[in-house]
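J.: Each chain, written out:
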Amino acid sequence: MAIDKNTVKYVAHLARIKLNEDELDLLSSQLESIIDFIDKLKELDISGVQPTSSVLAVGNVFREDKPRASLTAEESLSNAPEKKDNFFGVPKVIE
Amino acid sequence: MYESVIGLEVHVQLNTATKLFCGCSTEFGSQPNSQACEICLGLPGCLPVLNQKAFVYALKVAMALGCRIREFTKFDRKNYFYPDLPKNYQISQYDLPLAEEGFLDIDINGRSKRVNIKRVHLEEDAGKLIHSQGSSLVDLNRTGIPLLEIVSSPDINSSQEAYEYLNSLKQIIQYLGVSSCDMEKGILRCDANISIKKKEDSKLGTKTELKNMNSFRGVRDALDFEIKRQLKLLESKESIAQETRLWDEEKQMTYPMRTKEEAQDYRYFPEPDLPPFTIDSKMQEEIRKTIPELPQQKMKRFREDWGVPAGRANILASSIELADFSEKCFNLYAKAENITNWICGPLLSEMNNRKQDINQINITPKNFVDLIIFFDQGKLSNLNTKNALAAMIDSGKEPGIIIQEKNLSQISDSVKLDEIVSQVIKDNPKSVNDYLQGKENAVMFLVGQVMRKSKSKANPKMVREILLKKLKKA
Numbered sequence: 000m001a002i003d004k005n006t007v008k009y010v011a012h013l014a015r016i017k018l019n020e021d022e023l024d025l026l027s028s029q030l031e032s033i034i035d036f037i038d039k040l041k042e043l044d045i046s047g048v049q050p051t052s053s054v055l056a057v058g059n060v061f062r063e064d065k066p067r068a069s070l071t072a073e074e075s076l077s078n079a080p081e082k083k084d085n086f087f088g089v090p091k092v093i094e
Numbered sequence: 000m001y002e003s004v005i006g007l008e009v010h011v012q013l014n015t016a017t018k019l020f021c022g023c024s025t026e027f028g029s030q031p032n033s034q035a036c037e038i039c040l041g042l043p044g045c046l047p048v049l050n051q052k053a054f055v056y057a058l059k060v061a062m063a064l065g066c067r068i069r070e071f072t073k074f075d076r077k078n079y080f081y082p083d084l085p086k087n088y089q090i091s092q093y094d095l096p097l098a099e100e101g102f103l104d105i106d107i108n109g110r111s112k113r114v115n116i117k118r119v120h121l122e123e124d125a126g127k128l129i130h131s132q133g134s135s136l137v138d139l140n141r142t143g144i145p146l147l148e149i150v151s152s153p154d155i156n157s158s159q160e161a162y163e164y165l166n167s168l169k170q171i172i173q174y175l176g177v178s179s180c181d182m183e184k185g186i187l188r189c190d191a192n193i194s195i196k197k198k199e200d201s202k203l204g205t206k207t208e209l210k211n212m213n214s215f216r217g218v219r220d221a222l223d224f225e226i227k228r229q230l231k232l233l234e235s236k237e238s239i240a241q242e243t244r245l246w247d248e249e250k251q252m253t254y255p256m257r258t259k260e261e262a263q264d265y266r267y268f269p270e271p272d273l274p275p276f277t278i279d280s281k282m283q284e285e286i287r288k289t290i291p292e293l294p295q296q297k298m299k300r301f302r303e304d305w306g307v308p309a310g311r312a313n314i315l316a317s318s319i320e321l322a323d324f325s326e327k328c329f330n331l332y333a334k335a336e337n338i339t340n341w342i343c344g345p346l347l348s349e350m351n352n353r354k355q356d357i358n359q360i361n362i363t364p365k366n367f368v369d370l371i372i373f374f375d376q377g378k379l380s381n382l383n384t385k386n387a388l389a390a391m392i393d394s395g396k397e398p399g400i401i402i403q404e405k406n407l408s409q410i411s412d413s414v415k416l417d418e419i420v421s422q423v424i425k426d427n428p429k430s431v432n433d434y435l436q437g438k439e440n441a442v443m444f445l446v447g448q449v450m451r452k453s454k455s456k457a458n459p460k461m462v463r464e465i466l467l468k469k470l471k472k473a
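So the protein sequences, as listed, match chains G and H. When we follow numbering that gives the first Met the number 0, the leftmost residue of the first sequence carries the number 0, and every step to the right adds one. When we follow numbering that gives the first Met the number 0, the leftmost residue of the second sequence carries the number 0, and every step to the right adds one.
Chain G extracted, bound-state conformation:
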């Protein structure tokens, strides 16, 4: 499957990564070979095989609805580059 530069740009945007022209070229060819490799799986006959949603052999793992202590606001905010009155500060997202 051919991966063009626009597809790489689109995926980079979804991941919020900025790429320059050289990187776009490099990644298009790299992604293409990765996808080709994965495409090999299509050669298998998987009709009748359920999709795997988890590789763990467990299920129905629940917790009781019992509160436990949260982190303090100070702790939660300790790595925040910007904060104000116990809030995280982020660049304005709406004009």
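Hints are computed from structural coordinates only; laboratory data are not their basis. Any given hint could turn out to be false.
Computed cross-link-like contacts, DSS-like style, restricted to lysine-lysine with a CA-CA straight-line distance of at most 25 Å [what the hints assert, rightly or not]:
1. H:Lys73 x G:Lys65
2. H:Lys334 x H:Lys385
3. G:Lys65 x H:Lys288
4. G:Lys82 x H:Lys127
5. H:Lys396 x H:Lys378
6. H:Lys73 x G:Lys17
Please build the complex by placing chain H on the supplied structure of chain G, with the hints as guidance.
T.: Then chain H, alone, in the frame of chain G:
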């Protein structure tokens, strides 16, 4: 002839003590970011674990809506970047929601209409953003609070039907005790998809999505506005843009939401941090057993077993607490009609005046029924029954004690009544004359005077009889 096609997407916050995937408290109104943990913050190396109560609550709602419950369900990641979700994905359900294919029967002017439910699934809420000058502030207390998403099929054809759908849905969820469904407080949120088409066309028109409504009435008003707006465009042969529009409550209009013109690409994939869930028949049966009688069955029984008229049965069944109160009263005193009248009139107005619901208001079914019996036996006048009711609620005392304390007993003693009536005739010669001149209304006035003089204690039926007899002699 045009027809509107409406589908509603409702999010209901479940009233668990803790969040969906961690033990942080869900209590409202705490200091910003005081109810968040490593899971809410999306710190590396921590694992979410599902809150069993939220899961059970979700299944209860799904069952009450007649859904097909999936035997195998899982959670998925919905990926998007926005500061209200630090993980950069929301844990939701995509291709295997816990329940599908339910329905809700709504009542439209006495006729029943079925609205199909497409799916019911669990997901986590996002944080709250406050936009201030130059920056946005993030509070993660709400992040991870359990939300139940209930998606209807586009079976709704008017704003009124949408309104009734929301009311019925709210009633059922409240009966189940899993959410308050208070839309004004954001416990219930509703987005609406709406398009217009010619009735005979099978092809749907271009739809818009409406957001930002803060009440059921807001949903109705927004839909009414949008129906008119789309009709106008269609009739002038203009095209309708497929877009998200926000409702402005103040201006009573919708306007397009400003977004970058790109389709959302959420890249759903199975949440690897949560093993899947199997809902076997044993689990289903156990949950099904906890579902109480629902509003529609209750109304039906009130009509059929107790002869309560449909409109009144609706009122009595409006909340499970009021329905229980009513039924306890019926069981104590079989005159369901009298009880219904006293509940729907005086009791509800006392509740409104005091802004209390039936749980908060200070009266037991036994005391309430005893009061009605006093009235039915002619021992209390209508007005004094109401007065006694108010005094009972104020004090929590039994009606017999209130009647004694306040001296409210109805006077049915003809000698005593005779005395008062004679006095009133003497004091109101003009009205007596009016009556004798043929003005029938004058009797009403004179009865009123007797009632006043007796402090509403006179038996009005007897007063009228005595009065008429005396006037005939005059």
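J.: It remains to establish, for every hint, whether it holds in the given structure.
T.: Against the structure, the hints:
| no. | hint | result |
| --- | --- | --- |
| 1 | H:Lys73 x G:Lys65 | 23 Å, holds |
| 2 | H:Lys334 x H:Lys385 | 18 Å, holds |
| 3 | G:Lys65 x H:Lys288 | 23 Å, holds |
| 4 | G:Lys82 x H:Lys127 | 15 Å, holds |
| 5 | H:Lys396 x H:Lys378 | 18 Å, holds |
| 6 | H:Lys73 x G:Lys17 | 34 Å, violated |
Checked against the numbered hints given earlier, the structure breaks only hint 6 and satisfies all the rest.
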